[in-house]
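**Q** Chain by chain, the residues:
Protein chains: 2
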Amino acid sequence: MMPENKKIHIVGSHITQFGELWDRSLEDLAYEATTQCITDADLQPKGIDAIFVANMTASQFETQAHLGALVSDFLPHHPPSTRVEAACASGGVAIVQACQALLSGLYETVLVVGVEKMTDGSADAATVLSAAAHQSAEYGSTFPGLYALLAQAHMQKYKTPRSALSMIAAKNHGHGISNKKAQFRRAITPEAVEKTMMVSEPLRVLDCSPISDGAAAVILSTTRSKMNNSIQIIGFGQGQDSLQLSKRKSLTSLQSTKDAAQNAYRMANQGPESIDVAEVHDCFSIAELLAMEDLGFCEPGKAAAAVLKEKTSVAKNSVAFPVINHSGGLKACGHPVGATGVKQVAYLYELLSSSTNYSTGLTHNVGGSGATAVVTIVQKVNSTKGTQQ
Amino acid sequence: MMPENKKIHIVGSHITQFGELWDRSLEDLAYEATTQCITDADLQPKGIDAIFVANMTASQFETQAHLGALVSDFLPHHPPSTRVEAACASGGVAIVQACQALLSGLYETVLVVGVEKMTDGSADAATVLSAAAHQSAEYGSTFPGLYALLAQAHMQKYKTPRSALSMIAAKNHGHGISNKKAQFRRAITPEAVEKTMMVSEPLRVLDCSPISDGAAAVILSTTRSKMNNSIQIIGFGQGQDSLQLSKRKSLTSLQSTKDAAQNAYRMANQGPESIDVAEVHDCFSIAELLAMEDLGFCEPGKAAAAVLKEKTSVAKNSVAFPVINHSGGLKACGHPVGATGVKQVAYLYELLSSSTNYSTGLTHNVGGSGATAVVTIVQKVNSTKGTQQ
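First to last, the sequence lines map onto chains A and B.
Note that this note's numbering numbers the first sequence so that position 258 is 258, with each residue one more than the last.
Note that this note's numbering numbers the second sequence so that position 382 is 1382, with each residue one more than the last.
Hints in this document: simulated from the structure, not taken from any laboratory.
Just so you know, not all the hints are guaranteed correct.
Facing chain B, from chain A, some residues (calculated, C-beta under 7 angstroms) [as the list claims (entries may be wrong)]: (1) N5; (2) H66; (3) G367.
Mimicking DSS-like on lysine-lysine, the simulated pairs with C-alpha atoms at most 30 angstroms apart in a straight line are [to be verified]: (4) A:K7 x B:K1157; (5) A:K159 x A:K6; (6) B:K1157 x B:K1380; (7) A:K249 x B:K1046; (8) A:K7 x B:K1249; (9) B:K1247 x B:K1302; (10) B:K1007 x B:K1157; (11) B:K1247 x B:K1007; (12) A:K6 x B:K1006; (13) B:K1046 x A:K258.
Label pairs and their calculated CB-CB ranges [claimed, not checked]: (14) A:W22 x B:K1309: 19 to 27 angstroms; (15) B:E1108 x A:T223: 53 to 61 angstroms; (16) B:W1022 x A:M197: 53 to 61 angstroms; (17) B:E1108 x A:W22: 46 to 54 angstroms.
Cβ coordinates follow ideal geometry from the N, Cα and C atoms, glycine included.
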């Protein structure tokens, strides 16, 4: 349960354009997310008590560390500001740190900014991203290669068809068309996915999320809330597993996701059946399939069948499943790695605020090949499903 | 005041050898600090509820990010683990995050590990460390260069003599002789400092802390304490200022240090007069002089006179001043950047546990040229000075 009966309200958000933004710097993106988020929350800058900044790669691409201080300097009163990093789960982990800071009672209102500038950098992207894996145990491996191993294991164990992976990519591209901030806003067919170049068997180019620039921000508060329309984080959890795949107990599920989800569900006093919409970490198409099973939306080995029936799409959603990756996910919306976990929360806040179709959402953000996972549960206060306790 | 009347006990520590450790990897150092610290605390690994890992440069030197997961994997139950980075203040910021996590009530016992492997890396150290500065506003600048500007400003405003800088380096080398973990354990004279090569006027080689490998860890707990000998963190604060010097209001003091100290003193309900011993961030000799003034140990412009009378040395300590950098400081103990802020707390814990000369200590950890600063106040429970409220 949420400690001390404190409630964590989401009171503002901003997501920048995601994409190859050759005219925008790391600082430009962080500045837009910070200032527009404060405006969206209808706050003065001095209303921000502390800041958490999520970023993975700026030290490597831009030789720029110390992003806590960089973002704090956007505000005249220089609030305490901390960068956190957990590879592609940096954003999710920053949300967790922000929630913990609020629950400590030291702060009432905190800003979380996720930002990544991955194009136009001075380093090779595959090398930079490989830093999320174990450098001595998995030296030379790439992330498509590591996720391809997970895909191979899942296909072998559960007879998972290749077509399910293609359907996931096509669904997320379909969803992305409606998201103005998405990097890719064009439909693709499952057949088209299977005609793209092989990256690492069985993963092809269109199974993979892109290299992206972008930023996202949310403001969380224990004392402020928008009247009549309060959206709260009612549960969160962070799970870990071995960095290297060779030490894992299973290659067909991510223990970190299971642990994070269990903690989040327990804190929210709700289970997977409550979730109307989920933003999950589809860095590769196989990752969304694993997430569906690890988050408890279906039994292990059963996700592919649901995907092939389009049960998780906006158009053909079944009540037995949440809509998954309404934003287009990492695949179509884009994956500026440190921004992604913050974008997931920001996107659900905006969706739940504007749509009556959804009252409870879940975010799922993964670092590396599953060494870190963060799950949050976001709910409209007037939801009729369950009660936060 | 400390929220919720919770007390944060330090219940274990470990500091590895600091130095040029060509036979030790990043992971070796983190492993030693983690496992030996748990042994020192007389805990089972499962007694650790969460981990905070401080590191600045592993993404650049070792292409290894995701250190939270790396360290979590040393423990069989894989507790939630988060890397935080604030340049050379990474360790201090990790201590702050750990305290906030404890005060949230979500965790009872947390491990903080600071680690840095700076030698044998694949990148140029001056470039890697320049990531702590503002890369577009201060492109091409080095940290000796930035601190040399601060030194020039202080010398001009207060007629600060060059000899005070030399005395600081000589004092810290003298202190380092007694510290078995120190990188340098040999005396130097103030005159010798002034004969070393100029790095950036007025800073010479022996004004500068070294490039180092090393790790340090502490375990903090709200529920465990060693009977009869409890050492607590009774206050902490984190301050920020602009990354670039050109935007600062002053070049003769660090506003971030002042803000961090004010918050820490307020939380501890004590002032600078209570401090018996302080580990301050002497990355360059001028930085210790600034710290003495910004932490309130003396008036602005008065630190040099105290230093020249050796009032902050172990041998000639005056009651009006704390002993400063008993460990040898960054200068003689070494400066593995992410480890330093954790080492400061670990060192004071060990000193206060073993010596009756000191009951209240202060740590001061700075990131970049002062864009981040963290201050903690550490006290023996049976101290006769003041009372935690």
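**Q** A separate judgement is required for each hint: does it hold in the structure or not?
**A** Consistency of the hints with the structure:
1. N5: 11 angstroms, violated
2. H66: 4 angstroms, holds
3. G367: 6 angstroms, holds
4. A:K7 x B:K1157: 50 angstroms, violated
5. A:K159 x A:K6: 46 angstroms, violated
6. B:K1157 x B:K1380: 39 angstroms, violated
7. A:K249 x B:K1046: 19 angstroms, holds
8. A:K7 x B:K1249: 38 angstroms, violated
9. B:K1247 x B:K1302: 25 angstroms, holds
10. B:K1007 x B:K1157: 42 angstroms, violated
11. B:K1247 x B:K1007: Cα-Cα ~38 angstroms, so violated.
12. A:K6 x B:K1006: 17 angstroms, holds
13. B:K1046 x A:K258: Distance ~19 angstroms between K1046 of chain B and K258 of chain A Cα, so the pair holds.
14. A:W22 x B:K1309: 19 to 27 angstroms: Violated, since W22 of chain A and K1309 of chain B (Cβ atoms, about 59 angstroms apart) do not stay within the stated range.
15. B:E1108 x A:T223: 53 to 61 angstroms: 26 angstroms, violated
16. B:W1022 x A:M197: 53 to 61 angstroms: 43 angstroms, violated
17. B:E1108 x A:W22: 46 to 54 angstroms: 49 angstroms, holds
Checked against the numbered hints above, the structure violates hints 1, 4, 5, 6, 8, 10, 11, 14, 15, 16; every other hint is satisfied.
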